[in-house]
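Novice: Here is what each chain is made of, one letter per residue.
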Amino acid sequence: MSTMEKNYKPEQPAVGQSISRLEGYEKVTGAARYAGEFNVSDLLYGYVINSTITKGKIISINTEKAEAIPGVVKVFHHKNRPSLAWFSMQYADMDAPPGSPFQPLADHKIKYNGQPIALLVAESFELARYAATLVEITYEQEDFKTDLIANITEARAPKGGLATFLKPPPPKPVGNFEKAYENSPFQASGKFVHGTEHHNPIELFTTTTVYKGKGKVTIYDKTQGTVNCQLYVANVFGLHFKDVRVISPYVGGAFGSGLRPQYQLFFSVLAALELKRNVRVTLDRHQMFTFGHRPPTVQFTRFGASADGKVNALNHEAIAETSRFEDYTEVVVNWSHMLYPAKNTLFKYNLVPLDVFSPLDMRAPGGSTGLHAIESTMDDLAYQMKIDPLEFRLINYAEQDESVGRPYSSKELRQCYLQGAEQFGWNKRNPEPRSMRRGNKLVGYGMATGIWEAMQLPARASATITTEGKLHVNSAVTDIGTGTLTVMSQIAADEMGLHMDDVTFTYGDSKMAFAPIQGGSFTVSSVGSAIKAACNALKKKILKKAKSIGNSPFKRVKIDEVIFADRKMISIDNPAVFISYSDIIAANGHKVIKSVNFAMPKVFKLKKYSRAAHSAAFVEVEVDEELGIINVTRAVTAVAAGKIINPKTARSQILGGMIWSISKALREESITDHRFGKYMNMNIAEYHIPVHADIHDLQVIFVEEKDDIVNELGTKGVGEIGLAAMPPAIANAIFHATGKRVNQFPIHFDTLM
Amino acid sequence: MNENKTKLTEEEKKLFGDLMPEELDEIISSGLNRRHFMKLMGLASAGLLASHLIGAEQLFARSAEIGDIADLAPAAIENGINVSFKVNNTAKKVLIDSRATLLDTLRERLDLTGSKKGCDHGQCGACTVIVDGKRVLSCLTLAATCEGKSVITIEGLAKDNELNPMQAAFLKHDGFQCGFCTPGQICSAVALMKEAKEGQASFVTADVRQNQQSVILSDEEIAERMSGNICRCGAYPNIVAAIKEAQTGKNVEQTWLFAG
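Protein chains in written order, with this note's numbering: chain A, 1 to 753; chain B, 1 to 260.
In isolation and in its complexed conformation, chain A is listed as follows:
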């Protein structure tokens, strides 16, 4: 213990700083190893064989030709698979919707096109891929239905269940919508049709299973939840949880596709356990279209406004695709009443089960779907009333969440509107459609509002003061490219008053402190809060230890009378009294001090508030008058998402969301040939994703928003909100440019010719 000469000056906190990604060096040098890149000795390669029919039965599988080739080890299929978990519930993972999850190789039934039906294992990748083509399969086909539009009359309410905890059903009707709408002097209605989308992260789904002896496996997997996969593997294969370790240090994008264990995990573990060898299974790009996807939807809106410009009637109905075996739902129709305080509402959400795989959350699930319908209908109303679309939003600004009658924990949407509009130059807009042009290009300005719920899930974190007096924090959470490693290190550094250099955060391993699946923009709020909790407990342990030292000046000091800064615990009343972390460790017999803690949302406090991030997007498009070619020439997104931990990585998240918006509105769609029940463009050349040349001037504004309620960090998450407002803003800009309102996504140039 020593004394300090000068008064203590706290250093600049790490939170709020634009810090470059801590794993950046590994990523720019190629040193970062993803799930399929661990150099495991004695490795076998598996290649999955998929059904070429959509519905029916497998009559025969002939593997003779394939297995005759030297180097082919085995073909696994439903007839020779080992005994596995019997109950479908054991295949349920943390993100399983109500229903019975798909069980690979369960029997001879084919439920959807591309269903994995066999795994060929060989000594090399080339051999496995080739030999898989020699496996002969005969089927008996049955009639199937894959077309949402053609089967829309089969829509029914989704099954309830625990899953509705995070995805609430539509709110009950308020007032009398039909009467109010009929009496509204201004009415706007629309039918909105969205196609299927596949996540298509650039990394292919891969699992490398290392066989560690009887019943034990270490798995390198591409996932958004190491613990979720551990749970799944242990349940399905009847292993002890402690014998299953799932490691996922780097994840090459996921966007929701890794929220559930995908079938390559099942096959890799199956083969490893049966063959007692190390096995890697990598899907190809075609196979990336054979599991979860954003479902196609049809939405209907009818909004009515009174003569004073107030929206008084909101009706939003959505019908979405699901599989025959699970009721996947998303929150599509709940948003409009959170944004606009109408007195009369009517919301409905129904599903049509079809012969497809279960849909799966994809970036801004439901929100990016519903907001298109809501914000384009609002735009339509504004034009009818000859009110500026921005002014119309301000007239109908919700001071509280009228859908549940609760205040917002914070809401700086007004500032998003105003600052976004100023940065964009919204006032230069000529309100008349088709009135602005550049040469042979029609120019249009459009804007829209975004909202995404701010959530927090239970999570744990472990915090340790190391023997060097530094801090080590860990969590099983993944970093799918969101910047988790960097922002968690920032949060931990500030909590313990350390430099970033003195903090290590390890993650992506199921053996570490429990973390929920990484999605829904809740990771920073969940895992960050757990780190805060662990650090708080660590501080108490440090004080307790300090008290135990002979003649300790901290004997009568309470925890709220000290601060933790500059690698020390310091008395607030007398900064000359302090103890460094290395001295504390020395006093602890050179042993580490550790705390593992749990953080849960403060449910009773939070119940009184609605919590959401908001945004406003402003978009300029150019549309070629003759050819209809659409180009998003510039866009501004202003975001209010509480505390921004790292503006650099957060901006990249919003930019990513903006590029996804361009993709959603103008590019990507998995197109089905319903005669065959199969997607026709299962590759990245024909499934269009924006390339460099499609992207022009994109600007991000973070509006300051203080929130002491949402969680201790004041964070709301930024993963989804960038994709909420901009797709409708693009559609609205196209209307302004051309005078044509196209409500089908993606918008194709031929609809504008």
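Please note that a few of the clues may not be correct.
To be verified - Some chain A residues close to chain B (C-beta under 7 angstroms, calculated; not the full set):
hint : residue
1    : Thr29
2    : Ser652
3    : Leu655
4    : Ala685
Claimed, not checked - These stretches of chain A come out as covered by chain B in the derived footprint (C-beta under 8 angstroms, 3 or more residues):
hint : stretch
5    : 19-28
6    : 115-127
Hints were generated in silico from the structure; no laboratory data involved.
Note that CB positions come from ideal geometry on N, CA and C, so glycine has one too.
Using the hints provided, position chain B relative to the given structure of chain A.
Specialist: Chain B in isolation, oriented as in the chain A frame:
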């Protein structure tokens, strides 16, 4: 499977009690077993907490499973071919399956996993490497065609731990998120600098007849010439900024606001 049928341990009961005190009595009296417990915990997004409490925590060991590069079993090679080529300025001689692509040879045989497989069809650009000074898609290049050639991969760009200026610019400008397309983007950008120096034209070059020398590329030119490299995370604006800075050596401002 027995694991799933057993009753809860005391630790698990205690844990569940901490998490959901109201539900505990009801659940215990209704005969909760391990499987139901795990399901409930899963839905509360707190599954497997029990094993975390019980199991010993192990620190993350990145290199735990790295071993020697195994030779392929002879049976796995059909129509074997010996290829001699330079990889990152080191001579390599490998016996490969004649079907092996350059990408798979780099990744699976030479343990150079920096070059990525995103589509295996030449559509995404993640596998881009530099062969004899030109950017090529290694997934569309048979390794057997590389006899006598010189291949530079992402692992060969940094010299003695000092990043290539392009790598440093990507890091500074956050030109990636998940990092999976990054090696391809960087290799593509490095080769692009040579193309610009040679005055090569692109689709957006205003006058292709003019024989140009050492062009400084505009944002539009960079974006056009990088369009073979897809980034699903959407880091395009940051990648363009990074390439611009690496090309000019001048600081490029990031266009973003943090409004109060």
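Novice: If a hint holds in the structure, say so; if it doesn't, say that too.
Specialist: Evaluated hints:
1. The interface hint given for Thr29/A is met, as the beta carbon of that residue sits about 5 angstroms from the closest beta carbon of chain B, less than 7 angstroms.
2. For Ser652/A, the suggested interface contact is upheld, since its CB lies about 5 angstroms from the closest CB of chain B, less than 7 angstroms.
3. With 7 angstroms as the threshold, the beta carbon of Leu655/A comes within range of chain B, its nearest partner Cβ sitting at about 6 angstroms, so the hint holds.
4. Against a cut-off of 7 angstroms between C-beta atoms, the interface hint on Ala685/A holds, since the closest Cβ of chain B lies about 4 angstroms away.
5. Check result for the stretch 19-28 of chain A against chain B: holds, 8 residues qualifying (beta carbon to beta carbon below 8 angstroms, three or more required).
6. Counting residues of the stretch 115-127 of chain A whose C-beta sits closer than 8 angstroms to any C-beta of chain B gives 6, which meets the bar of three, so the coverage hint holds.
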